[in-house]
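*Asks:* Chains Z and H are the protein sequences, given in the same order. Under this note's numbering, think of the first position of the first sequence as 1, with each following residue one higher. Under this note's numbering, think of the first position of the second sequence as 293, with each following residue one higher.
It is worth saying that the hints were derived from the structure and are not from the lab. Watch out, some of these pointers could steer you wrong.
[Said to hold, decoys possible] These stretches of chain Z come out as covered by chain H in the derived footprint (C-beta under 8 Å, 3 or more residues):
1. 15-24
2. 104-110
[As the list claims (entries may be wrong)] Stretches of chain H that chain Z covers, calculated by requiring three or more beta carbons in the stretch to come under 8 Å of a beta carbon on chain Z:
3. 383-389
4. 401-415
5. 429-438
6. 449-463
7. 503-510
8. 560-571
9. 589-600
Cβ atoms here follow ideal geometry from the backbone N, Cα and C, with glycine treated the same way.
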Amino acid sequence: MRGLGQEQSLVTTRTESYYVARRRAYRVFLYVIMFAGCAIMLFPFFWMVTTSFKTELEAMRMPPQWIPGKWLWQNYPAALARAPFGRYFFNSFFISILSTIGEVFTTILAAYAFAKMKFFGKNFLFALLLGTMMIPGEMLLVPNYVTLVRLNWFDHYQGLIIPWLASVFGIFLLRQFFRSLPDELWDSARIDGCRRFRYLWTVIVPLSKPAILTVALLKFLGSWNAFQWVLLMTNTQSMRTIPVGLLTFSSDIGTEYQLLMAASVVAIVPILILFFFTQKQFIQGVARTGIK
Amino acid sequence: MWKTRRAEAEGKPKQPRTAIRPLRLSRDRTYWRETFEAYWYLLPAFLVLGAFVFYPFFSAFKLSLFKWNSLTPPGDFIGFENYRYIFHDKYFWKDMWHTFYYVGITIPVTLTLAILVATLLNKGLRALAFARTSFFLSYISPIVAMVMVWRWMYNTDYGLINYFLSLFHIDAVAWLNDPHYALPAVIILSVWHYVGYQAIILLAGMQNIEQQYYDAAKVDGATGFQTWWSVTVPLLSPQIFFVFIISLIGSFKVFTEVYVLFNGPGPLRSAETLVYYIIRSAGRIDTATNHTGRAAAASVVLFGIIFLFTIIQLTLTQKRVHYD
């Protein structure tokens, strides 16, 4: 009898407000997890930025001093003066911008041909392109190194830019987008006496801005962050980019971690600025790589 | 088919079939004109790919059969001697083991976390943009700069990781100086670096799952977990599999994380990987060893491994993975 009473009371207590409360507790739980995750992900950034404003003593303090006592802005000029960062920056920008522009150009042309033109050997060439996805870039390092030395491009801008002027992934992405554009556009353009090349640049390209921007962004990001290639294909300090320069810098400064962190912040800032202005394309671009 | 359509579009009358069609090669002149034009469009991209992808691909095989100690002379043909050398090289197998160890832990851990993160971000919580950005930031930031912070956090005496461990009364770990902890240090860093990237791809996949499946699950009275397990995960399997293979192939090529974290191969070469081996053999890290041929042979082995996984991917995607 008592058991039955308990059951009854269970039934009566689970009113709608119970479920509301339970759902709310679940939500709170989810928020806690989410913000904990964000905190872990952002923590190294936080630590990098705060360390970059500390004195050497504060940086080494244990238990750690979370916020610098005085924000030492002079760490930044001090760090940048210790290595030719101006040159590194110029190189990074120069190489990233040129290879982005160049890649977008070659990619648009090739993607258009594959998307909208009918030509002899199309399937074969496309399969060839697909096949390159299986080739790890690291396998090509040694022969490419030999090639660059032979061409006398080793330790020159050509060697850092020209090999990266085509991207199979970019061609796929744009081809996909171009294919979705209606053929009637071309028909009407042709009736107006428009050549294909002009049609491509004046009609197709403006219509495909978001896709092209995505390709360009991913390229710029990859180019800015590139490390391995620059490390292997350059010898002199004057040809190095920010990432490689940062590594050299790290072995030069010893224990002055606040300076190393300041230089690291400087290396990240351009990417962050770019990211915050183009977040949508950026995230969509990466997300799209997973949707076939 | 298309030929007829084009003829109609251009307003030409259909050409009568005649017995003699000289030099038509079964296709008409516009087709060849278009082919000619298309090749011009493909030329820039294929020139670059030809010189820096196709040519070096074959060249790697060729180089692996030659004895080369410096760059200028062509070297001697020695057959499979380079392969024999690396297969008897203790460090080659050690590096191979390190690579598999790294891949074997990094990939499952990152992928599991990424699925959980994507699920969480798909709950329709507020501050989604903020969360997505925080998870994504580690992926887009230059890896070298990020490794620098980790190097600082891994510091034995002043590093934050050991400080956090000390809060739980765990003794300080010499992350960067102890051969046992060198690879784990690289793994933790890599998980942090790639989890956001994977989560973003999976999240996009989840958002693409149509509501009707969830409605059906609701009608059937499925709980939240049941829905997740028997609707979300199976319908997400193409993306999960894609991310898995992409990351797997990517992690076999791990080099930068190791090289920057330790400014070398780690204590007693304990974190040296296969790509590290290639680059070292090529004489680009320490100039004392300069064996282009051996580096090429190791490259071919790397290709073999990745090729194997690509084939597995191709066959499995056609069979196992659910596409709705």
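*Asks:* Given as covered by chain H, does the stretch 15-24 of chain Z meet the bar of three residues or more with CB within less than 8 Å?
*Replies:* violated (count 0)
*Asks:* Do at least three Cβ atoms from the stretch 449-463 of chain H come closer than 8 Å to Cβ atoms of chain Z?
*Replies:* Check passed, 4 qualifying residues.
*Asks:* Please verify the coverage claim for the stretch 429-438 of chain H: does it have three or more residues whose C-beta sits within 8 Å of some C-beta in chain Z?
*Replies:* It holds, with 10 qualifying residues against the three required.
*Asks:* Does the stretch 104-110 of chain Z contain three or more residues whose Cβ lies closer than 8 Å to a Cβ of chain H?
*Replies:* Since 5 is at least three, the answer is holds.
*Asks:* Can you tell me if the stretch 503-510 of chain H counts as covered by chain Z, using C-beta to C-beta distances under 8 Å and a minimum of three residues?
*Replies:* As far as the stretch 503-510 of chain H goes, the hint is violated, because 0 residues have Cβ atoms under 8 Å from chain Z.
*Asks:* Between the stretch 560-571 of chain H and chain Z, are there enough contacts, at least three residues with CB-CB distance under 8 Å, for the coverage claim to hold?
*Replies:* With 3 residues close enough to chain Z, the hint holds.
*Asks:* Are there three or more residues in the stretch 383-389 of chain H whose C-beta lies closer than 8 Å to some C-beta of chain Z?
*Replies:* violated (count 0)
*Asks:* Has the stretch 589-600 of chain H got at least three residues whose CB is nearer than 8 Å to a CB belonging to chain Z?
*Replies:* Satisfied; 6 residues make the cut.
*Asks:* Mind taking a look at whether chain Z covers the stretch 401-415 of chain H? Criterion is 3 or more residues with CB to CB distance under 8 Å.
*Replies:* This one holds; 4 residues, not fewer than the three required, reach chain Z with a Cβ under 8 Å.
Figure legend: structure checked against the earlier numbered hints; hints not met, in rising order: 1, 3, 7.
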